[in-house]
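Novice: Here the protein sequences line up with chains A and B, keeping their order. When we follow full-length UniProt numbering, the leftmost residue of the first sequence carries the number 1, and every step to the right adds one. When we follow full-length UniProt numbering, the leftmost residue of the second sequence carries the number 1, and every step to the right adds one.
The hints are simulated quantities; they were obtained by calculation from the structure and are not laboratory data. As the structure is a prediction and not an experimental result, all values here were calculated from the model. The reader is advised that the hints may include incorrect statements.
As the list claims (entries may be wrong) - Restricting the straight-line Cα-Cα distance to at most 30 Å, the calculated cross-link-like pairs of lysine-lysine (DSS-like) are: (1) A:K470 - B:K448; (2) B:K282 - A:K177; (3) B:K82 - B:K130; (4) B:K435 - B:K391; (5) B:K448 - A:K507; (6) A:K64 - B:K282; (7) B:K395 - A:K88; (8) B:K127 - B:K138; (9) B:K82 - B:K127.
What the hints assert, rightly or not - Label-pair restraints from in silico Cβ distances: (10) A:T196 - B:D242: 32 to 38 Å; (11) A:M471 - B:E327: 27 to 33 Å; (12) A:Q52 - B:D242: 35 to 41 Å.
The beta carbon of each residue, even a glycine, is placed where N, CA and C say it ideally should be.
Each chain, letter by letter, is given below.
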Amino acid sequence: MPTVSVKRDLLFQALGRTFTDEEFDELCFEFGLELDEITSEKDIISREQGDQKASEASDVVLYKIDVPANRYDLLCLEGLVRGLQVFKDKMEAPRYSRVNPLNGDPQRLIITGETASVRPHAVAAVLRNITFTPERYDSFIELQEKLHQNICRRRTLVAIGTHDLDTISGPFTYTAKAPDDIRFKPLNQNQEYSATQLMGFYKTDSHLRHYLHIIEDEPLYPVIYDSNGIVLSMPPIINGDHSKISVNTKNVFIECTATDLTKAKIVLDMIVTMFSEHCDQPFTQTDQVLKLTLYLCVRSLSLSLSLSLSLSLSLSLSLSLSLSETAESIAQLLTRMCLKSEVTSDGAEIQVEIPPTRSDVIHACDIMEDAAMAYGFNNITRTTPRTYTVANQFPLNKLTELLRLDLATAGFTEALTFALCSQEDIADKLQKNLKDTKAVHISNPKTAEFQVARTTLLPGLLKTLAANRKMPLPLKLFEISDVVLRDESTDVGARNSRRLCAVYYNKTPGFEVIHGLLDRVMQLLEVKPGRNHGYYIQAAEDSTYFPGRCAEIFSHGKSIGRLGVLHPDVINSFELTMPCSALDIDIEPFL
Amino acid sequence: MADTGILESLLRLVDKVDGGIDSQVVASSLGVDHQVVVGAVKSVQALGEVIEAEQRSSKHWELTGEGQEIAEQGSHEARVFKAIPEEGLSQSQLMVESIEDVVRKKLQQVQMGHSSQLEEKEKNELKKRKLLTEVTVKSYWITKGSNFSTIITKQETELTPEMIASGSWKEKKFKPYNFDAMGVAPDSGHLHPLMKVRTQFRQIFLEMGFTEMPTNNFIESSFWNFDSLFQPQQHPARDQHDTFFLSDPAVAHDFPQDYLERVKKVHSEGGYGSQGYKYDWKIEEAQKNILRTHTTAVSARMLYKLAQQEEFTPVKYFSIDRVFRNETLDATHLAEFHQIEGVVADYGLTLGDLMGVLHQFFTKLGITKLRFKPAYNPYTEPSMEVFSYHKGLNKWVEVGNSGVFRPEMLLPMGLPEGVSVIAWGLSLERPTMIKYGINNIRELVGHKVNLQMVYDSPVCRLDS
Numbered sequence: 001m002p003t004v005s006v007k008r009d010l011l012f013q014a015l016g017r018t019f020t021d022e023e024f025d026e027l028c029f030e031f032g033l034e035l036d037e038i039t040s041e042k043d044i045i046s047r048e049q050g051d052q053k054a055s056e057a058s059d060v061v062l063y064k065i066d067v068p069a070n071r072y073d074l075l076c077l078e079g080l081v082r083g084l085q086v087f088k089d090k091m092e093a094p095r096y097s098r099v100n101p102l103n104g105d106p107q108r109l110i111i112t113g114e115t116a117s118v119r120p121h122a123v124a125a126v127l128r129n130i131t132f133t134p135e136r137y138d139s140f141i142e143l144q145e146k147l148h149q150n151i152c153r154r155r156t157l158v159a160i161g162t163h164d165l166d167t168i169s170g171p172f173t174y175t176a177k178a179p180d181d182i183r184f185k186p187l188n189q190n191q192e193y194s195a196t197q198l199m200g201f202y203k204t205d206s207h208l209r210h211y212l213h214i215i216e217d218e219p220l221y222p223v224i225y226d227s228n229g230i231v232l233s234m235p236p237i238i239n240g241d242h243s244k245i246s247v248n249t250k251n252v253f254i255e256c257t258a259t260d261l262t263k264a265k266i267v268l269d270m271i272v273t274m275f276s277e278h279c280d281q282p283f284t285q286t287d288q289v290l291k292l293t294l295y296l297c298v299r300s301l302s303l304s305l306s307l308s309l310s311l312s313l314s315l316s317l318s319l320s321l322s323l324s325e326t327a328e329s330i331a332q333l334l335t336r337m338c339l340k341s342e343v344t345s346d347g348a349e350i351q352v353e354i355p356p357t358r359s360d361v362i363h364a365c366d367i368m369e370d371a372a373m374a375y376g377f378n379n380i381t382r383t384t385p386r387t388y389t390v391a392n393q394f395p396l397n398k399l400t401e402l403l404r405l406d407l408a409t410a411g412f413t414e415a416l417t418f419a420l421c422s423q424e425d426i427a428d429k430l431q432k433n434l435k436d437t438k439a440v441h442i443s444n445p446k447t448a449e450f451q452v453a454r455t456t457l458l459p460g461l462l463k464t465l466a467a468n469r470k471m472p473l474p475l476k477l478f479e480i481s482d483v484v485l486r487d488e489s490t491d492v493g494a495r496n497s498r499r500l501c502a503v504y505y506n507k508t509p510g511f512e513v514i515h516g517l518l519d520r521v522m523q524l525l526e527v528k529p530g531r532n533h534g535y536y537i538q539a540a541e542d543s544t545y546f547p548g549r550c551a552e553i554f555s556h557g558k559s560i561g562r563l564g565v566l567h568p569d570v571i572n573s574f575e576l577t578m579p580c581s582a583l584d585i586d587i588e589p590f591l
Numbered sequence: 001m002a003d004t005g006i007l008e009s010l011l012r013l014v015d016k017v018d019g020g021i022d023s024q025v026v027a028s029s030l031g032v033d034h035q036v037v038v039g040a041v042k043s044v045q046a047l048g049e050v051i052e053a054e055q056r057s058s059k060h061w062e063l064t065g066e067g068q069e070i071a072e073q074g075s076h077e078a079r080v081f082k083a084i085p086e087e088g089l090s091q092s093q094l095m096v097e098s099i100e101d102v103v104r105k106k107l108q109q110v111q112m113g114h115s116s117q118l119e120e121k122e123k124n125e126l127k128k129r130k131l132l133t134e135v136t137v138k139s140y141w142i143t144k145g146s147n148f149s150t151i152i153t154k155q156e157t158e159l160t161p162e163m164i165a166s167g168s169w170k171e172k173k174f175k176p177y178n179f180d181a182m183g184v185a186p187d188s189g190h191l192h193p194l195m196k197v198r199t200q201f202r203q204i205f206l207e208m209g210f211t212e213m214p215t216n217n218f219i220e221s222s223f224w225n226f227d228s229l230f231q232p233q234q235h236p237a238r239d240q241h242d243t244f245f246l247s248d249p250a251v252a253h254d255f256p257q258d259y260l261e262r263v264k265k266v267h268s269e270g271g272y273g274s275q276g277y278k279y280d281w282k283i284e285e286a287q288k289n290i291l292r293t294h295t296t297a298v299s300a301r302m303l304y305k306l307a308q309q310e311e312f313t314p315v316k317y318f319s320i321d322r323v324f325r326n327e328t329l330d331a332t333h334l335a336e337f338h339q340i341e342g343v344v345a346d347y348g349l350t351l352g353d354l355m356g357v358l359h360q361f362f363t364k365l366g367i368t369k370l371r372f373k374p375a376y377n378p379y380t381e382p383s384m385e386v387f388s389y390h391k392g393l394n395k396w397v398e399v400g401n402s403g404v405f406r407p408e409m410l411l412p413m414g415l416p417e418g419v420s421v422i423a424w425g426l427s428l429e430r431p432t433m434i435k436y437g438i439n440n441i442r443e444l445v446g447h448k449v450n451l452q453m454v455y456d457s458p459v460c461r462l463d464s
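With the sequences and hints as input, model every part of the structure.
Specialist: Shown next as structure tokens:
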């Protein structure tokens, strides 16, 4: 969930009133936001770098607000204020429109075929006659960063470049070239570099190095030129220095290059709808229309500036939401969520206009949620569904629950160990070959603790013993849980297997204790001792166990597991010092 | 046990006096050391209510070794004075003609037991000079007990089979038990606290008529874990940073082909009243095997199965099982945890129904004050975070997540239009940590568990 940090006083000023922290928290709750933290730059720096460094920092109060992951329109102060003001009926939702420049033709961005192999899409727009202030400028930069980190998936899907239009001249060309053929002075640098040099240069940049991999191995790098051959940007890495914007910039050219066109359009829409507020023709009191000067010339010309969905009122809305609201009041509720709505003349439907800020609305159910939010989730009457059903336990879990109780009754204590472990735990430490384990392997573990899913419960129990060596002896532990084994016969190629494992750790090996536990378990499962239709144990060789002290367990003629005294090397490898005997069986045959 | 002679002499003395006697007085009248009398008092006490002895302490002043020497031979100064011969020494002797040995006098007073005649200040002065010391004497005030007798009878410690057979217990006296001592811990096994809480949650779902889902499949395909839930392929949850992917077996096969096509279409083009996400949906992404990130993957399989029935029947499902996240670990997060999930599918279920079911569910956990916050989840709409009022923290805390499954998830499965599915989830670890007051999750789950905590954990009653 993205967190937006806004200055409290600026926020209150924009909202036209002040709130106590509690009042604002309450407002956030209703609107689906969360006031996560109240802090200041000073607090943040002092927490991260110590009081010394913080002494110079600002102590202006900051609100850190958690925003739902699909509400890109709330990622900056402008959007938050607009959303909340409309929600509280303090202003009408603006209607966004695209206009042509007063003089001259719309700007054009020409996309060449070379981009297809690396980053095929681009969309662009111009914000004209914008007035930045230091706060607005910061918010503009911050919004781009938030979009980059969220919907743009760290620039892989979409990368944004913003430029001072007055320093460049269209038409612009989006193309792709060999890295050595691209030369320009990158943002905030003093000299020109080739793209190849830049990739090396940024290897050590704490911020940019995370994006290099996106194009690094491509034969052609994406690049945008103006009509005079000036480099605007080399997406998704860096802009050119020439066209950089400042707080004094009046006309902003915005380009979004992408591997996902839908997301590029959403991102562009977000930036222009949020910041057109500061343009020369903002939405005025008279016409309530937000004019924005926006020119697009993209591969696909369609811009989903508004889309209308209609929904069948009487059925889906009232039933799904338990709202007994009239059509008119539902339309009013939706309008408070920036979804301008009207009841159709026949009264059967509500016509809803989805503004470009609400890319999250893709189905009528999204609209219903907004109606419910405006109504107040906590104002909805709680009801009890009449659904009649009979409960059933999952037979394997039922058996597990019963056995767990009886094992504890038999004097063994339940352990709860991790399903993931290291390769060493299930192989080397048990003196087994990893290849013979049928283990499933994890491709991206952050540490060795998560290399494989366990194939036996034994290592977890031995590690539990090791962590509790100071406890009085004997230690008697058990666990009934799942291990994971490769199995070609399933759709995913692996299956769980429910195991019962127990260990006895004492100054004497206690084979008779663990053998007695097996007898008890079999008694509980109504399996009598015997060769054919009962259970028996038979000497077996197993490298995990001490030679001559291991037996295989058979039930109804099938092997179900082993028991025995652990090999001294196994005991050592788990950092244990006493003899230990173990029982390890599969309980699924007893279902 | 002290010598019976002393015990009986003691008892005779107690018998003679009215209202009791001090053990120090007993010692001096019997002419034995006080400690011997104290031992005798304890022995008699062990015989039952023969006597009552109330401990008292008294303070008195005693001379130290040096003090005694001074009391006998005079203070150091006086001894120096005496030691000077008649003819005297050159200087000092001339300064005093006679002395009065006040220190010796004071010490002699104390020696004779008249320490009270000295002022506190004087005593403290002498104490500082290490000539006096204040001694606390613990003695007993002994009175007759309810079973007073001057004759000592030996007491039995335990009832024996022979006594029962012969009836001799009737004449015997039994040593009283010390009811203040702890008993001997029973030799027993113990259930793990998290599993005890799991049992209770299972019980609650069963009481509410929910059927348990088969969640014994930790390995899941991205298709069932994400795609079937209408979670787009570029969603951050599908990132390497959040999810464990498998290298072996790396991919899954055997998807229901026509269902897979419908899922692909709803993601990439939309349908069922939805615009979809409009991106290039790839089978390769759906095939990737992972460790499931939620048990909702199983719910998806179950709902798909339900949709394949000849005729739809309403269902209520639940599960409590492990899920896996490739997250950064800390005191409250592990790479694996248990998810509790409830699902109800029926015609015409509403948001109010979801709130009603949640209210019933949480009431069984002892939580009655709930409120709901709008939230975002890719596969539910509306989505609600469930908050309950925590009296200890004096604020609303999140206790779970809930929502109505999206039509883009349900309709491709083939569930009839008009069927709504409401669901909610929470973790098993968090309520358990709160219940048992555990701050670090590693002390609860995994091999680093403190077994003493397991041994000592009480029964789990979630509603009290």
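Novice: Compare the structure with each hint and give your call.
Specialist: Status of the hints after comparison with the structure:
1. A:K470 - B:K448: holds, 13 Å
2. B:K282 - A:K177: holds, 28 Å
3. B:K82 - B:K130: holds, 23 Å
4. B:K435 - B:K391: Holds, at about 14 Å.
5. B:K448 - A:K507: holds, 22 Å
6. A:K64 - B:K282: violated, 37 Å
7. B:K395 - A:K88: holds, 25 Å
8. B:K127 - B:K138: holds, 21 Å
9. B:K82 - B:K127: holds, 25 Å
10. A:T196 - B:D242: 32 to 38 Å: holds, 33 Å
11. A:M471 - B:E327: 27 to 33 Å: holds, 31 Å
12. A:Q52 - B:D242: 35 to 41 Å: At roughly 36 Å between Cβ atoms, D242 of chain B and Q52 of chain A fall inside 35 to 41 Å, so the hint holds.
The earlier numbered hint that this structure contradicts is number 6, and it is the only one.
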